[in-house]
Every structure is written in structure tokens, then in C-alpha cells.
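J.: Letter by letter, the chains look like this.
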Amino acid sequence: MSPLQACLLFSSALFSLGLIAVLVRSNAILVLLGVELMLNAANLNFIAFWRYGPAPAEGHGVVFVVFALAVAAAEAAVGLALVIALHRHQRNVRLGEARRLRG
Amino acid sequence: MNSWPLLSLLVLAPWSGAVLLGLRPGLGDRASRWLGLAFSLSTAALGAVLLTDFDPTRIGLQFVERHAWIRSLKVHYHLGLDGLSLVLVLLTAAVAPAAQLAGWGRAGPTRVPNLLLLFLQGAALGVFVAQDFVLWFTCWELSLVPAYFLIRLWGGPGATRAAYQFVVYTIGGSAFLLAGFAALFAVTGTFDFAQLAQLGRDGALAAQLGPWGVRVVFAGVLLGLAVKVPLWPFHTWLPPAYAAAPTGTVMLLTGVLSKMGMYGFLRLLWPLFPAQLQAAAPALLALAVAGIVLGAWAALRQEDLRRMLAYSSINHLGYCLAALFAVAAAAGGERPAAEAATAALAGLVLQLFNHGVTAAALFLCAGILEARAGGRSGLGDFGGLRATAPAFAAFAGVAFFASLGLPGLSGFVGEFLVFRGLFGLHPAAAVLALPGLLATAQFLLTAWRRVFHGPVQGAAADFAPLTAAEKTALALLTGLMVLPGVAPGLLTSLTNPLVTAWAGHLTR
Amino acid sequence: MTALAAIALLTLAAAAIALALRDLIHSALLLIASWVGIAAFYLWAGAEFVAFAQVLIYVGAISMVVLFAVLLTRPPTGPATREPSGRAVPGFLAGGAVLGLLAGAVLSSPLPAGTGAAPAFGVRELGLKLLGPHAGALLATAALLTVALLGAVVLAAARGKEDAS
Amino acid sequence: MHLPVQLTWLIPALPAVAAAVIAAVPARRPGLGAGLALAALAGSLILALLALAGALADPAARLIHTFTWFDLGHGAIRLGWLLDPLGTLLAVMVATVGLLIFTFSLGYLRDDPRAKQFFCFLSLFAGAMLGLLLANSLLLLFLCWELVGLASYLLIGFWFQRPAAARAARKAFITTRIGDLGLLLGLVWLQDATGTLLLFDGGRGVLETEALGALAGASTVGGLAVSTAIGLLLFCGAAGKSGQVPLHVWLPDAMEGPTPVSALIHAAPMVAAGVFLVARVYPLLAADLALASVPVHALTVVATVGAITALFGAAVAVAQDDIKRVLAFSTVSQLGYMMLAAGTGAWTAAIFHLLTHACFQALLFLSAGSVIHATHHEQDIRRLGGLRRRLPVTCATFTIGMMALAGVPFLFSGFWSKEAILHAAHGWSVSALPFHVALAAVALTAFYMTRLLAEVFAGAPRGHGAETAHESPAVMTIPLVLLAAASIGLGFLGTPWWPWLQSTLDPAFQPEPGGAGLMAVSIALVAAGILAGWSRYGRLPRTSPEAADPLARIVPRLHRALAARLGCDELYAATFGRLCTALAAATTALDRSVWDGCIRLLAQLGAYTGLVSRETDEDVLNSGFNAAGDGLRAGGRAYSRTQTGDAHGYVWMLAAGFVLVTLAVLLGGVR
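Chains as they are written, first to last, in the working numbering: chain A, 11 to 113; chain B, 5 to 512; chain C, 198 to 362; chain D, 2 to 672.
Incorrect hints may appear among the rest.
What the hints assert, rightly or not - One side of the interface only, derived from the structure: several residues of chain D facing chain B at Cβ under 7 Å:
id, residue
1, Phe71
2, Glu147
3, Trp160
4, Arg178
5, Leu182
6, Val189
7, Gln192
8, Ala194
9, Thr301
10, Leu580
11, Leu584
12, Gly598
13, Leu603
14, Gly607
No lab work stands behind these hints: they were computed from the structure.
Where a beta carbon is used, it is the ideal one built from N, C-alpha and C, also for glycine.
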């Protein structure tokens, strides 16, 4: 098992954990945190491929992760604001009860 | 050499005045007037400093300020001043305070119009000293905003349409300009005028753009500038705009803003595309001569004083364009034409200054007439004014005869030098342009006769005497019409080395 | 490799426990630990700047936001209610399936071995890249952050009408 | 004591500065303005006399002073002053006549509230005129030339509230400007060809051998030598200023100004400027004489135009009824003589006639002014008459002027100068026609001047003005007497036996022998003219203003045509005037319809594109889209049932989709 594969397995595991959290938990905050974990897993992949990839001097992976971090920050801010809005609206943060979007 | 950032101050002083006026909404009319005048005079003060520190024997830019601005686009905050810029800065210094003073007698709000005038002044100064396209173009476009609002909000009848036409026309022109420079940047990677000019002289620009590319870009830039000056037949926005704009605005429009286009021709089009301009010059020369002659004919037909003066502006700027195109056409030609080219270019610069002052004075006179005739400015609305307002008639007479090219006043020297150069470079064009001179005399004297001579009638009967502000503005402009007429060396010495160098490029 | 294994184990464990806990405060704190683990991974991989950014953004900023959100949305009485258990089993099954698929894919793919040496890509190089070829994206990100901030403020502060309806 | 050439500028500057000062002093002090103007001009006269003395001390030497006006390129635009007999002599003449006219104006405009302005304009005029005469640079000359035009515009339009005066002023300016444009073009051409506009510059001036040779050697359009073309262009300016046919139309109209102005413009200075210019650039005009190949010599054109003008003016003057108009056309005719003389090579004779003409024409105009002043602005000779007794001094001076103009032999100056011209025309080798034309004009001149004299002074008063006339005050009559003396005396400066003037002006002048026969012919013609005039007008004076002119009874159609000035004004109005109006209208229409039309067309095009695209959208595309839309809506309704709004549900779907895709990739080998 090469280091790259190890890294990728690590990220896969993290991704799956996030996915399970998203699928199972009903608290909106935790769902959001699951999503964050999945995002982090993706970032891990970028770093791994940059580290062991063909052209590390170009630094594409790092640059991408930097942008992803910024976007994640934005996403977290908006997401948590949404959670607060949801809470104001239905007095709890249970995702299952937020069904206004039903078609 | 002064270590102050004089050119930045030059541009920012009127703008800071505008900001100051903008921040004080409750300011009274009186305070607004004085503030506007004071800040518009800043250009005169700084211009005097520049004039004393300016070294007329040097050809290149002086007072240079250069800082990186947007690194990734290689845009610089690059200001610089040569003889041509200095002459135009001095012109602005003369016209802008007069334009402020022109609004003193007018009823209605003063704060916002004065604010906009100051803004316009700063933008025009920015155009004259910017040496980087992005900066230059920003100022170029910024000048439209206040002009639009001034015409739209405080203009006479038909102002809405005229303002709209003015802005759409000129923005339409500048769109081509911008597109052209975007293409230039794409191939050269620089916005700096000096670097671009160097590339243009070497022919590298044409090589990089390809034979068709360079033509398209040239045409775009040409169109943008031609609308601004304006070159006949791109002039149709001008008479309505000049007829509708309030007096101070039209003074700046004709005195300063129309020079921006000419400045663009000299600073951008000619250095960047010498070969293309040379190829197109005969056709453009024909258009310029058409502007001279047809502008004067059209002025002969106008019944409204302002429209007549607007057409006379087209006529007078036609001389500048004709001089430039004749010089451009002669580049590398058979005739060793350095002397004629020098005369034409020196005449061009003189004509720029003189037309600015003269046209501003003429429009100021028209504005004074209008203010006393309840907004009318038709030639038939007056008569015998010289009897009821001799002082005003004297001022107006100087302006009329300066515009007509009477020796001893400013108009003559420029026109003589332009004709001298034009004849040396392109005799047929000079001969064809002569009827323009005749028609100019004809329409100016006809207008003079109808307004000032004959029995007293119309609004001339109870003509209120000139106010102190009007007298000051008129006296200032009159002085600037007499002085260069008697001693043109004051101006030509500033531009002589520059002009000689330009002409020297031709014979190389 | 051992360092990597340790980091991975710690991170995964913290994340797993965090997601299983019922008390949101605790799970948030544990998640912070997991994020620190990820930052450690970045350090291990030689991307110091990203590591610091991870610490600053996740450990510093997002965790605070999460804690605030938790505090603001905590039900007035008692701890969080129990999860409905009906989704748990299929959830774990699905997660396991995804993990299996990914692991299979990773292990079966012919991946490049890499140089092994940590690449020389420091903060200076990163800065040059960001303000050189990626200047446009940087500006766009700046705009995005600003807009997101504004949006978050609007969403979180939109009282009144929303409540009345 | 001679005037240093460096101080030449003082001569024109004194009146010019006086004009500026007068403009600045308050209107309440008219006397101050007049005094200042007189003093300044007197100063100029003294300086001009000093300059003349210097120039006469050595007529062949030219005193020049050159200075830089402004730098241009590697060179400079240079101007200069020149003191030679020609310029200084005319400067003395202008200053003297001007001084007399100024004095006369004191009386003439005593009651005019705007007298201050009048003296301001007069001073400006005198300054510009003196500058013109003493300039050593064609550019400086042109500058002063245009200022002279401005001053004459202001003076002709002095009573600007009269529409006729306002129109006449404008007409004068524009008509002369037509000629001036030719002059300007000539200057520009000269500058381009020689690189300078200085007349004399130590061998490099345009009138010096080197430049003249180069100019005559080069040829241009139509086979003309460059010197010919430039000379003709310069002559355009001279023709405009000196009222030569066909640019003479402004001159009679210029009578609308006050009479001293008429004297100033018609007699001495202004119209003389054109003749002076021709004399000044005579070497240039004559440069092509040696060339046989050129199609036309410049001087031939000058002589031809001069001959035509001389005859035209004299003929039209016969049938005019306004006292000042008769004199105006006589001026036109006399200027034609001068041009004729210059064209035939005798430019010294032209200047001689210019000097004598200045005196007697000023005398005539001022006498006419005296008549007009005395008769309360009555100018129609049919309403005058019988003024011999009421205005004895004026009558005497007018008679002297008339005799000088008509060329009454031996005593009067006009005789000698005209004799010199006829002599030159007689000896002209190109054609004898101008000589015969000039002879005809001599007879006509004597005839119409006798008519004028008889109508105004003989017989009985025929109008209220004439009946109540009183002699003018001394301030007006003294200048008249002085001018009358000069009209007699000046002629002896250039008699065939002692041609001092000619040889002073032109050191190379050689008097041609044998003029006695010619003199006899011209004396006979003058006598015939006077007799004919006397027999028609003096012997049987007109009895009432309405009575028909004797000439109208004999040749009514010719008389009508002459009275209408041969329809020149009408012709111009019908051709150039119409052309101007039409061009102006066409240009405006071009702007309105074509260029604006183009813009509007573009706008319309945009609008049409919009219209077409809208129609297409609605009829073609929309129907299709509507159908598709209906289908979509149905599909959407069906699909929307899957949208439970349950976030978890969505994530489930995502996960399932992910698994499916991954499986497809792994198992299906999709790359």
C-alpha cells in the first residue's frame, strides 16, 4: 500500500462518516457538520494528489484547497444562518419537519 | 524640481471641491458659488506652479508620477505632463473658472451644478495628464457623467433628448475605443502610452495584430475619437447638445471637452498607428476640410445663436484635424516637409487653446443674452444691442473677431500657421478650405449685424447691465484672446520642442 | 506511515464519536478535534499554509459559528430528543457501501507512487500563484465571501415579517 | 536728425496706444479723446517726417530692422520694419491727411454723443495704416492690413443703428475679405516657397534677387511661374482693398459712414493700401517679365483690371445723383488709373497719382462733407444747387479739387500725375488698348466732375437744405484750404522736367523723352469733357429736383444702366448670394436628413430587428414552446410528487445515485 493509497483510504473513511451523519442524524446542525466532513475529505484528496502527483511545484492542489476552504467558510456561515432561520421558523432544528419545499 | 505630486493635486483639487460640496447638502447658494469658484481656481494656481517649474526645452514627460495600480493587468497610476498637456491644462484653468462664474447670475440651485462642473473639470484634467490607458479612459468616461446630468437637469428646451443623444453617441464612440485598447492589451500586455507608442513606431503593433487586426483596432480608436472632437460627419450630436446645455456646461464642453478628442488624436492615434493613419489620412483630410467648409455653411443657415456657434466649433476644430491629417499624410513622403509640418502642428496646438478660449467666450456671451431674453437666443430676438449695452458689445466684439481670425487676436496666428502648414503639405486642401474662412466671416458678421446693429428691438431694449461676475469672466477670457494674439510666443515656446520633435519623426 | 496512521485514526475516531453523540455541544467539541487532525494531516503532507488555514477557518471560525448556532437553537428544556431509529440501519449500510466502493476503487487503481519527498511549495510560491494566474478567482472568492457574509447576516437577522407570517 | 529704424514701431504705436487709451477713458470726456487722437497722430507725423528725412538722405539704402515674433521649430517667425522712400513718403501723406481729417471731424461730429468712439476708431485706423506702410514683412503688413479692414468696418458702421450702414459695413468687410483670402494664400505660398516673409533681409528677403529668381524659375499649375501665381494672389488682396472690378461693390456703399470716414477710406489711406501693396511687391510682380513662356504676366492682369476699373468707375459716376457716390465712383476710377500705371511698369507714377489723389480726393470729400454738414445732411445733388454764394470757401476748395481730379492742365496736381500714367500706358508694349481706355476715362472724368460742380453750386437752390445753408466753421474750412493748397502744389514734385518724386522712389527711374504730343491730346480731351459737361449742366441749370437728367433724355437706357451701376450688386446677389444661401441650406439639409437620417436608420433598424424577432417569437417559436411547455408542465407535475421536501430523502437519493454511478464506472469500465 503506497502512501497515496493510505491517504485516499483515510479520506474515503472520513467521507463515509460524513455521509452517514448526513443520512442518519436529523439535527440540521449535525447534518451540516457531516457535509463539512465530506468537504474536508475532498480537500484531503487534493492535498494527497498534490503531494504525490506529477507536478507538485505547480501547487494546483494547494491553491484549490485554499479556495475550497474559503468557499467552505462561506457555506458554513450561510448554512448555519439557515439553521438559525429554520429554528426561528419552527422552534426546533429537526430537518425532517422542514418540508416546505414539497412539490 | 518640486517634489510634490503636483499632477495628482491638479486632478484631485477640483474633485475634492466636488466632494466637499457633495457632503454639505445644506450649503447656501452664496457659499456654493464661492466654493465652486475657489476650487476651480485651484487649477489656475497649480497651473502657474507647473508653468514656472516646467522646462520647455525638454521634450519628454515632466512631473511624472508612476505607481503600480493593478499589477495583474500591468495598470499603472501614471501621470505626466508635456507641452501639449500643459497648454491644455492652462486652457482648463482659464475656462473652468469662467464657466463657474457664468452660473452666478442664474436662478435655481447652485450647489449641485457647481459640484458637477468641478467634477467635469477634474475629469478633463485627468485626461490631459494620464499616461496610462486605463486611467485615461476612466477620466474620459467620467467626464460624461456630470455633462449628462448638467444638460439633462439644467438644460434648455430639448435637453432630455440632447443629453441622451450626447451620451449615447459619445459612449458608443468610446466603446469602440475601449474594445480597440482591449485588443491592444491582449497582444502587447501593456496600457502605457509611451510603451505603446514605442511599439507603434517600431511597427511591432501592426506585426502583432496582423494586417486586418490592426486596421480594425485603428478604426475603432479613430471612431471613438472622431465622435468626441467631432470629425464631420460624426458631429450631429453636437449642435443639439450645445444648444441645450446650460451656459457653464457648454463652455466646458466646447472649451475643454472637445479638446480631449483632439488630445486623443495626438497622444494615442497618431503615435500608435502612424502607418495606418498615414494610409487613411487623405480620406480623413477630405472629411476635415468638409467639416471646415460645410460647418461654416451650416452655421450661416442657423437662426439660433447657440446652434450657429456650435457649427462654428465644428468649423474651427476642422482646422486642427486638417493640420493633423495633413502632417500624418506627409510622413515619409517625397516633399521634405519638416518646416510645414512644424507650422501645422504648432498652429494646431495654438488653435486648440485659442478655440477653447474664444468659443467659451462666445457661448458665455450667448448665455448672457439668453439670461436677459428669458431663454431665447434666436438671432431675430435682438437688435441694436450695441446702443443699449456698449460694454457687452465690446467684449462680444472681441470674441467675434477673434473667432473670425482677425490678426492681433488669438484666432489669427493659429489659423495662419495651420494654413501655412496645410499649404506646404497639401496645397489643394488649403485652397479647398479657404471658403471656410470666408463663410466664417460671413456668418459671424451676419449674426453680429442682426444682434448688435440696426435699430434697437426685441430683448435688447431693456438689457440689464453686466454683473460683476459676468464682467470678470468676460474680461478674463478677453485678456486670453488678446495676449496670445499679440505674443503667441508665450504658448508656442511651451510646445515648440515637442512640435519640432513630432515633425522630425516625419523626415527621418 | 505511522504518523499518518495515527493522525487518521485519531481524526476518524473523533469524527465518529462526534457524530454519534447526542449532546450537540460535545459533538461540536469533538469535531473540532477531528478538524485539528485534518490540519495535522496537512502538516504531515507538507502543506503548511493550508494547515494553518484549516486551523484558522475550521478550528477558529466555523467552530465558533457552530457553537453559537447550537446555543441559539438549543431547545428550552432538556437535552436533544432521541433520534428516530428507523433510518439508522439503512444509513450505516449506505455509508458502508460507499466506503467499500471507494476503498475498492482506491486499492484497485494504478496510482502513481510519487516522489515521496515533500515538494518545495511554500507560502511565497502559493502567494505568487494566487495573485498571478489565479487573481481573478481570488477576486471572485472575495466577492463570494462578502456576499455570503451579507446573506448570512440577512438570513439570521430577518425578523419581523417572517415571524408575523 | 533722422529716426533710428529700431524706433519705427513708435510711428504706428502712438495712434494705436491712443486708440486703446481713448477706449478706456469715460465717454463723458469726448474732448479728451479727440485731443489725444490728434496729439498721437501729430507725434506720428513728426516721427514720420524724421523717418522720411532719413530715407531721403540716401534713397537707395534701405533701413531695415528685423525682430523675432515667436519661435517656430528650429526657426522663427520674424517681422520687421523698413524705412525707404516709398513707405515713409506715404506714411507722411497718411499722417498729414489723417491729421487734417481728424481736425475736420472735430467740427463735423461736434454734436455726436459717440464722438469718443469715433476718434478711437480713427486712431486705430491710422495706427494700422502706418504700420502697414512701414512693415518689412508681408506678415506684419497683412496683420495691419486686416486691422485696417476692421477699422474701416467699424467706421463705415459707425451709425450702426441705420440698417443701411450696418449692411454696408458687413459688405465692405466681406468683400475685401474675399480678396484678403487670396492675399493670405499668396503669403502662405510665398512662405512655403521661400521660407520667409521678410521683404528685404540682407539678400534673403522675398523681394531680393535670389528669391525672385527661384520664384520665377519654378512653374506651377497652368504653366504659370510661381512668382506669377503668388503675384496674382497678392493682387487679389490689393484689388479687394482698392476696389478694383469685380471687388469694387463695397466702396460706393461705404458712403454710409460719416463723411470724414469717406475721406479717410476713399481718399487717402485705405484704398491706397492696395496700390501701395502692388508698388511694394512690384519686383515680385515683375519677376516673370523676362519669361516668354508663361501664358500671362502678372502685370498684364494688373494693367487690364486697372483699365477696366478706370473706365467702369468713370462711366458709372456719370449717372449717380448722390454727391458722395459720384465721388466714390471717381475714386474707383482713379484707383483703376493707379493700377493701370503699376501694371504698365510705372509704379512710381502710380504712387505719384496716389499722393496727388489723396490730397484732392480728401479735399473733395471733405468739401462734400462741408456741403452736407451745411445743408443738414442733404446728399442728393438734385436737391442742392446754388451753393456758390452761400458756401464761398467750400465752393472754391471744391472747384480746386474738381480741377485737380479732372486734370486741368499745368496748375493742378492731378494733371501731372495723370500725365505720367498716360505716358506709361502709351509706352506699354503689350497692348495699346489700356491707353485708349484711359483716354476715354479722362474725358469722362472731366465731364462728370463738371456736372457735379454745376449741379451743386450753380443755379438756384432746389431744396430746403440748400436754401438755409451756412458756411461751416473754421475748424472745418481750414483743413479744406490746406488740402486745396496741397492739391495744387504736390503736382510739381513730378513734372516731366523735374521728376523728383519718381527718381526718389525708384533710383533706377529714367524719364522718357517726348510727351508733348500726348499732353496735347489729353488737354484736348479734358477741355472737351468740361465743355460738354458745362453745356449740358452749367449753362442751363436744373430747375427742380424732379427734372430729368439731360443725359437721360439723350440716351435713356444707357443712363438707366449706369445709374444702376451696371447691375453688379444685383448680379452678385443673384449668383454668389444665391449660391451661399443654397449651399447653406444644402449643408443643413445634409445634416438634418442624411447624417441624422443615418442615425435614425440605425435606430429604426434596431427597432425592426426587434419587431421581426418578436413576431417570429410569438408566431413561430412560441407555439412550439407552448406545446413543449404544456408537456413539461405535465411532466413537472408528475415529477414534483417525488419532491417530498424531506432533506434526508434528497440525501438518500444522492447517495443512491452516487453508488449507482460508481458501480457503473467500476463495473462497466466507463472511462
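J.: Each hint should be assessed against the structure and marked as holding or not.
T.: Quick rundown of the hints versus the structure:
no. : hint   : result
1   : Phe71  : 3 Å, holds
2   : Glu147 : 5 Å, holds
3   : Trp160 : 10 Å, violated
4   : Arg178 : 5 Å, holds
5   : Leu182 : 5 Å, holds
6   : Val189 : 4 Å, holds
7   : Gln192 : 6 Å, holds
8   : Ala194 : 9 Å, violated
9   : Thr301 : 23 Å, violated
10  : Leu580 : 10 Å, violated
11  : Leu584 : 5 Å, holds
12  : Gly598 : 10 Å, violated
13  : Leu603 : 10 Å, violated
14  : Gly607 : 12 Å, violated
In the structure shown, a violation is registered for the earlier hints numbered 3, 8, 9, 10, 12, 13 and 14, in ascending order.
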